[in-house]
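Asker: From first to last, the protein sequence lines stand for chains A and B.
Going by the working numbering, the first sequence opens with residue 7, and the numbers climb by one from there.
Going by the working numbering, the second sequence opens with residue 7, and the numbers climb by one from there.
Check each hint, because a few of them may be wrong.
If chains are identical, the list can't say which one is meant, so a pair holds when it fits in one copy or spans any two.
Said to hold, decoys possible - Dumping the calculated EDC-like pairs for lysine to aspartate or glutamate here, alpha-carbon to alpha-carbon at most 20 Å:
hint, residue 1, residue 2
1, Lys293, Glu409
2, Lys293, Glu259
3, Lys13, Glu259
4, Lys83, Glu97
Hints in this document: simulated from the structure, not taken from any laboratory.
For clarity, every value in this text was computed on a predicted model and none was experimentally measured.
Number of protein chains: 2
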Amino acid sequence: MSEERVKYTLSEDQIPTHWVNLLVDLPGDPLPPLHPGTLQPVGPDDLSPIFPMGLIMQEVSSEPQVEIPEAVREVYKLWRPTPLLRARRLERALDTPAHIYYKYEGVSPAGSHKPNTAVVQAYENAQAGIRRLATETGAGQWGSALAFACSLFGLECEVFMVGSSYDQKPYRRSMMETWGATVHRSPSELTAAGRANAAHPTGSLGIAISEAVEVAAGREDTNYSLGSVLNHVCLHQTVIGQEAAAQMALAGEAPNIVIGCVGGGSNFAGLAFPFVREVLGGAARTKFLAAEPAACPTLTRGAYRYDFGDTAGLTPLMPMYTLGHDFVPPPVHAGGLRYHGDSPLLCGLVRGGVVQARAYGQNDAFAAAVQFARCEGIIPGPEPSHAIKAAIDEALAAREAGEPRVILFGLSGHGHFDLSAYDAFLSGQLEDPEFSEADMEAALERLPDAPAIA
Amino acid sequence: MSEERVKYTLSEDQIPTHWVNLLVDLPGDPLPPLHPGTLQPVGPDDLSPIFPMGLIMQEVSSEPQVEIPEAVREVYKLWRPTPLLRARRLERALDTPAHIYYKYEGVSPAGSHKPNTAVVQAYENAQAGIRRLATETGAGQWGSALAFACSLFGLECEVFMVGSSYDQKPYRRSMMETWGATVHRSPSELTAAGRANAAHPTGSLGIAISEAVEVAAGREDTNYSLGSVLNHVCLHQTVIGQEAAAQMALAGEAPNIVIGCVGGGSNFAGLAFPFVREVLGGAARTKFLAAEPAACPTLTRGAYRYDFGDTAGLTPLMPMYTLGHDFVPPPVHAGGLRYHGDSPLLCGLVRGGVVQARAYGQNDAFAAAVQFARCEGIIPGPEPSHAIKAAIDEALAAREAGEPRVILFGLSGHGHFDLSAYDAFLSGQLEDPEFSEADMEAALERLPDAPAIA
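If we strip away everything but chain A, and leave its shape as in the complex, we get (with noise of 0.2 Å):
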């Protein structure tokens, strides 16, 4: 056994000082949400009954990055740097040449990447003056966030669970209560929309958004809050492709392909965009690839669209892959995934052959999960099997094609709260649900009457 370097670390120094704003790099104009009631552009003031302006300012700045306050680097020094591995003994039992890296956002204390930007939404909610954010979660990783986060800042937290997870995962909703918050099982009898929802009581994504958006649009106190799919959340997580890119420096590699899961996109998002930049900017070809799973697969099968991102119709109109707003995604473990559509910019990039996605089976993700764990030590979250099961794959292909390829992936969470799920997987009890074509027609007509993108 030699002297091999596995963990790359940064000290909290080195902290990114600025986010990456990647819609300035983007060929012509960013196509513009549109009003759900007008079908014409959206503007700031638009949003201002639910966001404050300082992330509305994010959403549609186009500075090439954005200063990261003081304020929200002191609480990044929490947990960031996260650590970037090489992981030397998956290699190793994979017998390939490739060198596998993966940068670990489970050391947060929600453990996952989402505090990266929800305590960018609790700082500028707070310093708005707003006293309540109210938002949804699926897997509980983005309720567990904003509720850390709004206990940092002195905020109440009011989240919306999908109820497959609500059910699944009940010590995520003790989690979010240690850290203050109060927690709902959608859809709920609290509101409109999760009344109307009542005949589908396993809940979705959409419909706990939809809730959490008609409670913050009728408090004057109150805001929403999301965890994905924006512009100003992918641009919050890009400290982790920044951190990533000074740490395979450290390494003295560059990835030939970078990999992550995708359900709002912010996670691909944070971990790809700063790549992204130098491959637009002509510095770098890199392949990127998006894993989603095989029963919501929004970017390998969905329509390229404008539409809702609930499921009741209240938020602006989005240009994305869609399954349909109001497709209910089958129950899958990675409750972070079950999402109908996906951040317009990583669709934009899909769109114009930037990044590659594909899509994977439960099983097959968590076998490559039980072998990482094997190998790696981390267990990890349902979701970064996705991209775990993708990057396994690829290590395979670079041993067939005998290539040292440099793969990069983004461990996003671990799964301490998805046991239940590796137990099932286990004892041979885990399902993979189809994702069903019919479905998808059905609910491509019932999307809205909006202009075709070309």
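Since chain A is already given, all that's left is putting chain B on it; use the hints.
Answerer: Here is chain B on its own, set in the frame of chain A:
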């Protein structure tokens, strides 16, 4: 908000190269363990049926430091060095002039300090040609750590899990199984010791140890592995305190008070022993506080006597504070602190006045844990919550005294598998089981007939 340093990070080449063997620092000859049958001092050969010689030699080593094998340091790199943080937000909430630092071991794959020794034990057994390790686990921290370590060195792992924890923490079992281990609820039907304790269905560490030792003694290819108490286990944990000392130096401070929770003593030893060496050598004057649960107050209420390490009386007799080897502590959530005895090394330091001990009720510990979580983010395990309670008390005492004391405590693990306990605490349902003086008297009457200790 000024640019305040929060986190002190070391790189992987700063992982210690040696362990600190405090055995040689203690005044006088060490009190030997005694054979359970003959009451004669136990020699290395007596231990060889259940331990590999590499660990036995560490157990009795007279070297002041012991080199860490390169293969072990390679594994440590997966998560070590662990971070040292200054709890600036907690300091502000307490309005104290004290500086509070904590060393966080929860970043290990198993979520606690336990892998520091599990990895060594798996390595030394694999080197000795052993195929399987048997062990017990209380809260599941130790079983998880050994399951993880065995997966890295290709060993089978069989875990006897204390019944009350097995029922309270099903996901700890899933975690061990994910790493490939086999888990039995203790007391089990598989061993004579288990069958003899069917009347104690909640189990205890003492019973589970008896079961694992019985299995290891009965199979040629199987050894036993203990997660605390023994000298070599405390030895392995001293990577914690050595890193902490280097990190405190980066902060330009030295601790006035070092605090750790105590179950079997290895967590406390790991953090404190490198600092104790300084004190015993006359180079520092530091106060040491051992925090234990009021429901199992070994150091504060136990008798200093020779006693068995397990319930059935299979292990050597060890000189220690004990509540009686067949005392079954109430099922508090800090399962890792439910042990009737403590490390002989630590007990000697308590006896000698170098270390002070304090006992805390379960609700007080959880109140401290919730305050900590809402300031610092991390949700602590129930065990280190006792250390947090002690640290908060010391910080408030420093405020009383108007002195800027420097406090260092060990945050030995996270509480991701203990959220049902937080749930109980937050809803006012958590009990404060009483230690019964009557139980104690009865247990002491059943102490083995062994030489008294001066």
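Asker: Which of the numbered hints are not met once you compare them with the structure shown?
Answerer: No numbers; nothing is violated.
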